Amino acid sequence: MELSYREALNQAMREEMRRDQRIFLIGEDVAYYQGAFKVSKGFVEEFGPQRVIDTPITEAGFTGLAIGAAMAGLYPIVELMTMNFGIVALDQIVNNAAKIRYMSGGQLSVPLVIRGPGSAAHQLGAQHSQSLEAWFCHVPGLKVIAPATPHDAKGLLKSAIRDPNPVIFIEAQLLYSTKGEVQEGEFIIPIGIAEVKRMGRDVTIVAYSKMLLLALEAADALSREGIEAEVIDPRTLKPFDLQTIVTSVKKTGRLVIVEEGWHFCGLGAQIAESLYATAFDYLDNPIRRVTGEDIPMPYCRLLEDAAIPDLPRVIEAVKSLL
Amino acid sequence: MVDMDRADLLSLYRQMLLIRRFEEKSAEMYALAKIAGFLHLYIGEEAIAVGAIASLRPDDYVISAYRDHGHCLARGSDPGRVMAELFGKATGLCKGKGGSMHLVDLPHRFMGGYAIVGGHIPLATGLAFANKYRSLDLVTVCFFGEGALPSGQAHEAFNLAALWKLPIIFICENNRYGMGTPAERAIALYANVAETARSYGITAESVDGMDVLAVRTAMQRVVAEVRAGHGPWFIEATTYRFMGHSMADPAHGHYRTKEEVEEYRKRDPLLLLKNAMMTQKLADETDFKQLEREIGEIVRAAVQFAEDSAFPARSDLHADVLQE
Chain A
440 MELSYREALN QAMREEMRRD QRIFLIGEDV AYYQGAFKVS KGFVEEFGPQ
490 RVIDTPITEA GFTGLAIGAA MAGLYPIVEL MTMNFGIVAL DQIVNNAAKI
540 RYMSGGQLSV PLVIRGPGSA AHQLGAQHSQ SLEAWFCHVP GLKVIAPATP
590 HDAKGLLKSA IRDPNPVIFI EAQLLYSTKG EVQEGEFIIP IGIAEVKRMG
640 RDVTIVAYSK MLLLALEAAD ALSREGIEAE VIDPRTLKPF DLQTIVTSVK
690 KTGRLVIVEE GWHFCGLGAQ IAESLYATAF DYLDNPIRRV TGEDIPMPYC
740 RLLEDAAIPD LPRVIEAVKS LL
Chain B
1061 MVDMDRADLL SLYRQMLLIR RFEEKSAEMY ALAKIAGFLH LYIGEEAIAV
1111 GAIASLRPDD YVISAYRDHG HCLARGSDPG RVMAELFGKA TGLCKGKGGS
1161 MHLVDLPHRF MGGYAIVGGH IPLATGLAFA NKYRSLDLVT VCFFGEGALP
1211 SGQAHEAFNL AALWKLPIIF ICENNRYGMG TPAERAIALY ANVAETARSY
1261 GITAESVDGM DVLAVRTAMQ RVVAEVRAGH GPWFIEATTY RFMGHSMADP
1311 AHGHYRTKEE VEEYRKRDPL LLLKNAMMTQ KLADETDFKQ LEREIGEIVR
1361 AAVQFAEDSA FPARSDLHAD VLQE
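So the protein sequences, as listed, match chains A and B.
Using the numbering used here, the first residue of the first sequence is number 440, and each one after it goes up by one.
Using the numbering used here, the first residue of the second sequence is number 1061, and each one after it goes up by one.
Heads up, a few of these hints could be off.
As the list claims (entries may be wrong) - The list that follows gives simulated cross-link-like pairs (lysine to aspartate or glutamate, EDC-like), each with its CA atoms no further than 20 Å apart:
| # | chain 1 | residue 1 | chain 2 | residue 2 |
| --- | --- | --- | --- | --- |
| 1 | B | Lys1225 | A | Glu467 |
| 2 | A | Lys597 | B | Glu1367 |
| 3 | B | Lys1094 | B | Glu1367 |
| 4 | B | Lys1085 | B | Glu1323 |
Claimed, not checked - Label pairs and their computed distance ranges (CB to CB):
| # | chain 1 | residue 1 | chain 2 | residue 2 | range |
| --- | --- | --- | --- | --- | --- |
| 5 | B | Arg1066 | A | Pro488 | 49 to 57 Å |
| 6 | A | Val685 | B | Ala1370 | 34 to 42 Å |
| 7 | B | Glu1354 | A | Gln489 | 46 to 54 Å |
| 8 | B | Glu1244 | A | Thr717 | 54 to 62 Å |
| 9 | B | Gln1364 | A | Asp459 | 43 to 51 Å |
| 10 | B | Asp1119 | A | Ala716 | 43 to 51 Å |
| 11 | B | Arg1194 | A | Lys477 | 26 to 34 Å |
| 12 | B | His1290 | A | Lys477 | 31 to 39 Å |
| 13 | A | Met638 | B | Glu1384 | 28 to 36 Å |
Note that these hints are calculated values from the structure, not bench results.
Quick caveat, the model's predicted, so the values are computed rather than measured.
Where is the CB? At the ideal position from N, CA and C, for every residue including glycine.
With these hints in hand, go ahead and build the complete structure from the sequences.
Put into structure tokens, the structure is as follows:
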């Protein structure tokens, strides 16, 4: 069935909340406003305000509360209105959620999902346009997921909710209205498995979240010139499925990584390092990264577009390897 | 003192004595480099942990900050496993991965010590939230120092607890200093810290934190209120730490005088209870000598257990980062 990304997330949470009373949704305006991006449409009507909980604008407080509830055996889903606001809750995420299991010698668990949109939308300014996945991936004890399609969003969110660990689930404002085919009925997608989204022989492009759509668009354009790109979506950023990319690079010998986050210490740097360490001999050229610019996001659309990877830059990167 | 029998009072004294002697021994072990890192002693503040926890059920939650040995021991944790954790041994409560500031004992519902000031207070509201969500009549007790009181996370937690009428008791152990900074230079309402909680609509009171019976009496009443679903409560327990902030800090340091420390030592919580019992002829020197022998043996055995235990294996390094 065709669903929007937004509807897919809604279905995933709804199915899981019907299955397990321990799951609740908490965040700013998730109940009666139905979520800032309407992801929790119909939830308070179905599950009631005990399980769909509006909070004051206190990310540290309610994220910490959710972590404590998870320590006590509940399965909270925290909606951050945007991932940018997660910075306010970073102490809770990094110092508590990620460490409690290890510090307690395995006595405590934090089965928790923190989800919300990351990356830029249009002209939201510097404080609302950040791609922070590399920060979260850097911290031991967290899993990080950034799905690009409605099908992946549904299957991976269900897995994230069932996971006994804290999971950062990064959506994108510009993906909420995108549509795609979603498998009928009950299904989950295991965490930590990449998917080849397009087969090709000449070059491998790795891209996640909304950059996947850009990579696929670039692959189509390149195909018209006779260049066949293989496009891989890691889907889960931590744990990272290196093997699927290595297998592809052994075939193509070339790799381009597309990411919206800042260049310096971005996730692509880690992916490249992992590839060099395991598949150096298969690479015909150095790995190319297409990334966001190392600047706070400007407001002006012209400048904003210049700060984010776009079609010409991806195509140029691919061609530079051929 | 009415309605308290001799055995009951001796039991309170015994628990405070265990914390006192355990920590004196851990300071010795620190000097011998058996314990490293940060070691924050609770000496002088024992009446709060013992008096408060004595009024709880075994399935209530307790959570604390980094000065957590006393709360953990008062909750009933095995002193040997606590000492082994301080030694970094595999038999420690947290397999040597937590250390002094991060003791956790889940079977005793001791949900941990946390070392980012104010950061565990939201966690405490989450434990309380879970109990309310499940309609359980359990309470959560959250200990923190007055140094955490001005932190934003404390205020966010107070607001949430009051807003959602969570079954939680915030116990502010006001020992007058956040490390070396006195409360009057850190807290706008230093003269009446309970006012902070009242401003969120939380019922708040102050109690003499040197008097274990005063703490317990207050807590018995408060626990009943909170267990009955009458919302959160805040108790300021006034106290004093006889030792430095941590082992890196001498007993009085530059920020307070020797005389001030000596003055507070006259109100040592162990001394107060002992004197009261002696005056009322509920116990004599023989009883206290007997307790000293008994506790001395427990602490000696705890050190022996820690000494005899193995360190974790290198192969344990990556275990327990994630749950399978």
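Hint check:
Restraint check: the Cα-Cα separation between lysine 1225(B) and glutamate 467(A) comes to about 19 Å, which is no more than 20 Å; the hinted pair holds. Proposed proximity of lysine 597(A) and glutamate 1367(B) is contradicted: the alpha carbons are some 47 Å apart, above 20 Å. With a C-alpha separation of about 9 Å, the suggested pairing of lysine 1094(B) with glutamate 1367(B) holds against the 20 Å cut-off. Simply put, lysine 1085(B) and glutamate 1323(B) have alpha-carbon atoms about 24 Å apart, too far for the 20 Å limit, and the pair is violated.
For arginine 1066(B) and proline 488(A), the hinted distance range of 49 to 57 Å is satisfied, since their beta carbons lie about 51 Å from each other. Under the hint 34 to 42 Å, the C-beta atoms of valine 685(A) and alanine 1370(B), about 39 Å apart, fit the expected range. Range check, glutamate 1354(B) to glutamine 489(A): Cβ separation about 49 Å, and the 46 to 54 Å hint holds. The given range of 54 to 62 Å is respected by glutamate 1244(B) and threonine 717(A), whose C-beta atoms sit roughly 60 Å from each other.
Taking 43 to 51 Å as the suggested C-beta distance range, the pair glutamine 1364(B) and aspartate 459(A) conforms, at roughly 46 Å. About 49 Å separates the C-beta atoms of aspartate 1119(B) and alanine 716(A), a value consistent with the hinted range of 43 to 51 Å. Judged by the Cβ atoms, the range 26 to 34 Å given for arginine 1194(B) and lysine 477(A) holds: they are separated by roughly 30 Å. The beta-carbon spacing between histidine 1290(B) and lysine 477(A), approximately 37 Å, falls within the hinted interval of 31 to 39 Å.
Roughly 33 Å separates the CB atoms of methionine 638(A) and glutamate 1384(B), a value that falls within the hinted 28 to 36 Å.
Hint check: violations occur at hints 2, 4; the rest are consistent with the structure.
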